[in-house]
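Asks: Next come the chains, spelled out residue by residue.
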Amino acid sequence: MTATLTPELKNGSAGRTLLPELDRLASRSTMPALLIEDVSKRFVVGRKRKPVTAISHVSMRLERGDIHGILGANGSGKSTLIRLISGLLTLDEGRLEVFGHDIERDEMAVKRLINRVSVDAAFFKKLSPMENLLFAARLYGLDGGKAKRDTLEILARLGISAKRVGRPIEQMSRGMQQKVSIARALLTSPALLLLDEPTTGLDPRSKLDVQSFIEELRSTHDATIVLTTHDLAEAERLCGRITILNDGRVVAEDTPEGLMTLTGKRLGRRATLEDVFMTYTGRSLDDDVDEDEAESED
Amino acid sequence: MTVVAHELKASYAFIERNFFLTRRYWGWELAFLVYSVAGALSISLIGADQGSPTLLLTLMVGAIFWNYLSVVFSWIAETISVERWEGTLEYTMMAPIRRSSQLLGSVLYAMVYGLVHTTVILIALILFFPQVDLSGADPVTAVAFMLLGSFSFVGIGMIAAILPLLYVERGAQMTFVLQSCLLLVSGVYYSVDILPGWMQVLSHLSPATYVLHGVRAGLIDGAPVSAVLGDVWPLIVMGAVLIPFGLWAFGRAERYAKRTGKLKRVG
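Line order of the protein sequences matches chains H and C.
The opening residue of the first sequence carries number 1 in our numbering; numbering runs sequentially from there.
The opening residue of the second sequence carries number 1001 in our numbering; numbering runs sequentially from there.
Note that these hints are calculated values from the structure, not bench results.
Beta carbons: idealized from backbone N, C-alpha and C, even for Gly.
Mixed in with the good hints there might be a few duds.
Unchecked claim - Here are some of the chain H residues that sit facing chain C, going by a computed Cβ distance under 7 angstroms: (1) L88; (2) L89; (3) M108; (4) K111; (5) F124; (6) K126; (7) L127.
Bound-form chain H, shown alone (with noise of 0.2 angstroms):
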């Protein structure tokens, strides 16, 4: 399999390139931006020390500048999927590979190259967003003055203004927050982000927002996109492939529009990304939906 660069990635005019060593990875014909191969995890849970299978014998190949979703149904391995990409767990069974690099052995090369927004928007409360930013840059060797004209441009672009990054993140609404843990992400250049279900609780229009700057960042950014989420109509709009997990294997990768078909075919009508769901994981999306709401009231 080649790797799949864009005309425009080719020829340099779709903004600037991260990192030239990239590059220099990409013009290896069979590098892809992430190899995930026979994944496995297991957690030790409760007093019987049983063990529970949250990720079985997964999976996948990304390519350079591709936006793939993971969908699936609550506790289906999807944030433990993108836990194991960020290093923020071990791996029990199989490979995973970033530009490249092996997760295990090369981890501070792999910790370079990613970053991740997740459901919860995590940061010191009390600090401002240019604070929090400013040690999130430094973190990744950025330099502080060139973190703080970036903080200032990215979270522009999100729609906050200068005069809102020097006060508390307690005050800013949940989607202001989430834009701003958007722009901590891209402010280290990720060759690989992984947003884990960034839009979930968003208004509609923060989320229309954070979805028209993913696809911003697909047309003028050098960036690989792994995106969870619940919102079908978003994974349909954003992803160029979508992988659907059920209770810690994959059921089915395709297009939208292949899985759309294939679906049809066994259904026998026009099928919409929910029948998909439906189908793979064997529940509803509201079924999802009332889940997650009795588990915010617990």
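Mind docking chain C on chain H? Use the hints.
Replies: Chain C only, in chain H's frame:
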């Protein structure tokens, strides 16, 4: 950028962030400072009440230097628990930095913060007890023991910082218990000779015991460092052993947390 420069920048990130946190939580910082000054004064007043200048100085030294050591210990020990509480632990653990750089930043800020905090208490006590005579004191001995003691406490603090990694719910409480036990066995306000035998054994394992003994010898008896070498070498040994051990143990604990999923935000 060289690896060293990158790691120093990362260490500075923690210093700067902790400074930002101190500045943002200024109300709590002020409250904590008032509480510490009031506590030190209350304890020292016991000595004044007894009409014993030696007892007064003994208690003052205990109050001042225990404050410094416990502040240093707390900042380092809470390196993980603060991030767990704020929910930022996973992001910090994802960053391409060595754990030693993270701990170095926390340690340096803890020492500077501890010095500032303790200086305020020292000034308050001097103003409150102008009768205290330090003309025969050897301040070099006090400073030397404070520095030596810092390194030993850094090692213990690193080991304590592991607890919130291993025990998601109870780790922070465990570090508090450890700090309390150090206070009990280290002869902060009394001689360790009055402790039960088994506690006296424990007192030999606490660096605070040697720090306080050395500082009192310097400030009350005017002893030079050379006269209290028996308190110096245990501190050097403890620092030399506990800091590398703390770093090693922290790495092992991080690996364990990644294997068992304990870095994940809870609560």
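Asks: List, from low to high, the hint numbers that the structure doesn't satisfy.
Replies: As far as the earlier hints go, not one is violated by this structure.
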